[in-house]
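Note that the protein sequences, when read in sequence, are chains Z and V. Sequential numbering of the first sequence, starting at 1, is according to the numbering used here. Sequential numbering of the second sequence, starting at 1001, is according to the numbering used here.
There may be inaccurate statements among the hints.
Chain Z stretches covered by chain V per the calculated footprint, using a threshold of three residues with CB under 8 Å from any CB of chain V [as the list claims (entries may be wrong)]:
1. 277-291
2. 307-316
Straight-line C-alpha distance at most 35 Å; calculated DSBU-like pairs for lysine-lysine [as the list claims (entries may be wrong)]:
3. V:LYS1251 with Z:LYS313
4. Z:LYS300 with Z:LYS178
5. Z:LYS199 with V:LYS1167
6. V:LYS1251 with Z:LYS328
7. Z:LYS125 with Z:LYS95
8. Z:LYS175 with V:LYS1211
9. V:LYS1208 with Z:LYS321
10. V:LYS1211 with Z:LYS321
11. V:LYS1208 with Z:LYS178
12. Z:LYS404 with V:LYS1211
13. Z:LYS228 with V:LYS1097
14. Z:LYS354 with V:LYS1073
15. Z:LYS323 with Z:LYS423
16. Z:LYS228 with Z:LYS323
17. Z:LYS237 with V:LYS1167
18. Z:LYS326 with V:LYS1251
19. Z:LYS323 with V:LYS1167
20. Z:LYS199 with Z:LYS175
21. Z:LYS313 with V:LYS1208
22. V:LYS1211 with Z:LYS328
23. Z:LYS354 with V:LYS1097
24. Z:LYS313 with Z:LYS175
25. V:LYS1211 with Z:LYS86
26. V:LYS1208 with Z:LYS95
27. Z:LYS39 with Z:LYS79
28. Z:LYS323 with V:LYS1251
29. V:LYS1097 with Z:LYS321
30. Z:LYS106 with Z:LYS29
31. V:LYS1097 with Z:LYS313
32. Z:LYS106 with V:LYS1211
33. V:LYS1167 with V:LYS1208
I should point out that these hints are in silico values taken from the structure, not numbers from a laboratory. Think of the CB as a built atom: it goes at the ideal place given N, C-alpha and C, for glycine as much as any other residue.
Letter by letter, the chains look like this.
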Amino acid sequence: MRWRPDFIIPFLALILCLGGQSLTHAEGKFNLKPGAKGKNCLNCHDGFEEILKNPFVHSPVKSWDCVGCHNPHAASHDKFLDADPKDICVRCHTKVFPDNPVSTHKVAADGNCVNCHDPHAAKFKFNLLKGGSELCSECHKALGERIAAVQFKHAPVEKGCVNCHDPHASAAAGKLLKDNVPGLCIKCHDTEKINFQKKHMNYPMAGTRCTACHNPHGSNQRGLLYDKVHNPFANRKCNQCHEGPSSPTPLKLKAGGFELCRGCHSNMINETLAQNRLHWPLLDRNGCLNCHNPHASDQKGLLAGPIMDVCGKCHVDTINKLKTVKSKHPPVEEGTCMACHLAHSSNQGLLLNKPSVIDICGECHDWQKHSTHVIGDEAKDPRNPNLTVTCQSCHRAHGTDADKMLLSPTQTEMCTKCHKEFKR
Amino acid sequence: MLMALAPAASFAEQAILFQPVVSIYADAEGQGLLNPEGVACSDNTLIIADTGNNRLLQYMVKVDTVEFASQIKVSQLTNPIRVQVNSQGEIFALDGKNRRIVRLKKDGQFAGNLDLKGVPPDTGATIVPRSFKIDQEDNIFVLDIFSGRVIVLNPQGDYLRQIPFPKEFGFFSDLAVDRGGSVYLIDSANSMVYSAAKEATDFLPLSKSLKEYMNFPTCITTDNRGVLYVTDQNGGSIILLGLDGSFRGRKAGFGWNEGLLNYPAALCINSAGHAFVADRDNNRVQVFR
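So here's chain Z without its partners, still in its complex pose:
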């Protein structure tokens, strides 16, 4: 068959016409009727108009592109979302996370964007649920309360956390900081200024870590020093430990390890060294500084951090195990390692604070004084002639996966380790 020219032209015109109509009417992937975008949704979602009156409206909402995120017919995800809630935002917001972040905000990394942002509209910029630091304080409650309560405030903190922190991730530094310390600090605090140098006793501070002494979130001490300040530091006697500011090596310590601290804390160090068992890191190159901050700290005893962090620096496996075991020991869970151990030295193994494990447990568990399995020096452990039965014969002080911190999965299994005659 041959095409007749007088038929082809009207046929092509019809195709173009239909095609054009189709292009006009098919809005987006759902072939919505013209004008049906978004506004169609409001026919049912009538409360939504109020939301849209907020000053900050998410751009897809503003352009009535509800189907940008939702599937109007059916979806595998809650709220008819077109993709997993954890993935849907980053389909457009691809630059939220840097390529190689040094630190990430867990809530953002987990894709829980709606914990901070309203996906439709909000009163605050970036569709944030609350303004300024108020939003951050929802989770970082203790820090928020502390910031509000401290006597001496740090101006950038007053203006908002995002002055120093990136709320999603940082490619530059840990703790979501926009730059490393001191790089971040010296953007405002000029180390070359006379006043700055005078405050720091003319020691060269440019390369030092400001947060070793100063609490960037505010403090009850002048100069934003951490609340607990080491006496020589408070009295500006830097040269008690360091060489003088005019020395070629001004920050060099006058002695190494524990020998430096011994100058003032000789009694404590002599008592420590008089015990049979030492906590050896105390005697290494860093000495006392392994656990203590020599300048200032927000922890009791000038500890370099919360005790679980300090102990966890070396005993990380023990600390990690504590987090996962089913049956936890409250003092351990609360981080009071010193309820049972001594930090510096002891005459007991494992640096325990009493010669008898039974006495240590008895500090809290007084039940053993009136009703208990036979324990103590007279109770020989049938498994080993050189051991007596103690609390540790059946329980593990740091917790286990069995009930009551037992060492065996069941009580029967535990008891029959010694009482073999009852083993079935």
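Based on the hints, put chain V in the right spot on chain Z.
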């Protein structure tokens, strides 16, 4: 007191079974061991640092028995935590309380403190020996944690050289020296092994973190077959590593019965393949083979 050992022939050809053979609980008078933290051995001698009783115990190791020989208790050694014996039978013990290495004659008589002669001061004059080992030529390797270095001394205690600790590490608890003269360090906090070849001037990581296999290693030693043995204190086990740091196996496990360990503190292996483990919190020394 006589304790039977398994036949000791052809160790080099055997797989490392690490089967319990016998346990030492007491001296000849029946006084029990208390928290032993150190062991040293040769083909015919076993020395135990019976730390909780502030004494050393000497045993004769024969082909198939371990026999109590003597107790060594000298006033100059108050808290023995590490012990070594050289090829002449001289005994060296680290006093953990006084942080000095005590030298004893073969019969246990006090022969003086090891005077580290000619050691260059680093962080000051203080030297804190956390551990030490003696190689087959009787050179003494001291783990000085205060200045962060291994000091190498000749048998008379004269300074030969030093190897600084690496820049990044957690905490070194022990060192080992193999037959080829390589020195190994065990990092308890990071569960890593570092090594320095004979005459090397620095330590390099031998392994990545071995936390997958151990959770607080405190002692390292070698045998004559090129195997590193690491005591996993908190895991109650002995970890076997190749000289390249590769994992070769895990032996024993936490417990009280013989064959199990409760905070093992030290390990020594003689050329016959007997492994003597200071099973600290079980108050005994176990012999494996």
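Quick rundown of the hints versus the structure:
no., hint, verdict
1, 277-291, "holds (count 7)"
2, 307-316, "holds (count 4)"
3, V:LYS1251 with Z:LYS313, "holds (27 Å)"
4, Z:LYS300 with Z:LYS178, "holds (30 Å)"
5, Z:LYS199 with V:LYS1167, "holds (33 Å)"
6, V:LYS1251 with Z:LYS328, "holds (28 Å)"
7, Z:LYS125 with Z:LYS95, "holds (18 Å)"
8, Z:LYS175 with V:LYS1211, "holds (25 Å)"
9, V:LYS1208 with Z:LYS321, "holds (21 Å)"
10, V:LYS1211 with Z:LYS321, "holds (12 Å)"
11, V:LYS1208 with Z:LYS178, "holds (31 Å)"
12, Z:LYS404 with V:LYS1211, "holds (27 Å)"
13, Z:LYS228 with V:LYS1097, "holds (32 Å)"
14, Z:LYS354 with V:LYS1073, "holds (26 Å)"
15, Z:LYS323 with Z:LYS423, "holds (33 Å)"
16, Z:LYS228 with Z:LYS323, "holds (29 Å)"
17, Z:LYS237 with V:LYS1167, "holds (30 Å)"
18, Z:LYS326 with V:LYS1251, "holds (27 Å)"
19, Z:LYS323 with V:LYS1167, "holds (31 Å)"
20, Z:LYS199 with Z:LYS175, "holds (27 Å)"
21, Z:LYS313 with V:LYS1208, "holds (18 Å)"
22, V:LYS1211 with Z:LYS328, "holds (22 Å)"
23, Z:LYS354 with V:LYS1097, "holds (18 Å)"
24, Z:LYS313 with Z:LYS175, "holds (18 Å)"
25, V:LYS1211 with Z:LYS86, "holds (32 Å)"
26, V:LYS1208 with Z:LYS95, "holds (34 Å)"
27, Z:LYS39 with Z:LYS79, "holds (18 Å)"
28, Z:LYS323 with V:LYS1251, "holds (26 Å)"
29, V:LYS1097 with Z:LYS321, "holds (31 Å)"
30, Z:LYS106 with Z:LYS29, "holds (34 Å)"
31, V:LYS1097 with Z:LYS313, "holds (25 Å)"
32, Z:LYS106 with V:LYS1211, "holds (25 Å)"
33, V:LYS1167 with V:LYS1208, "holds (16 Å)"
Violated hints are absent here; each numbered hint is respected by the structure.
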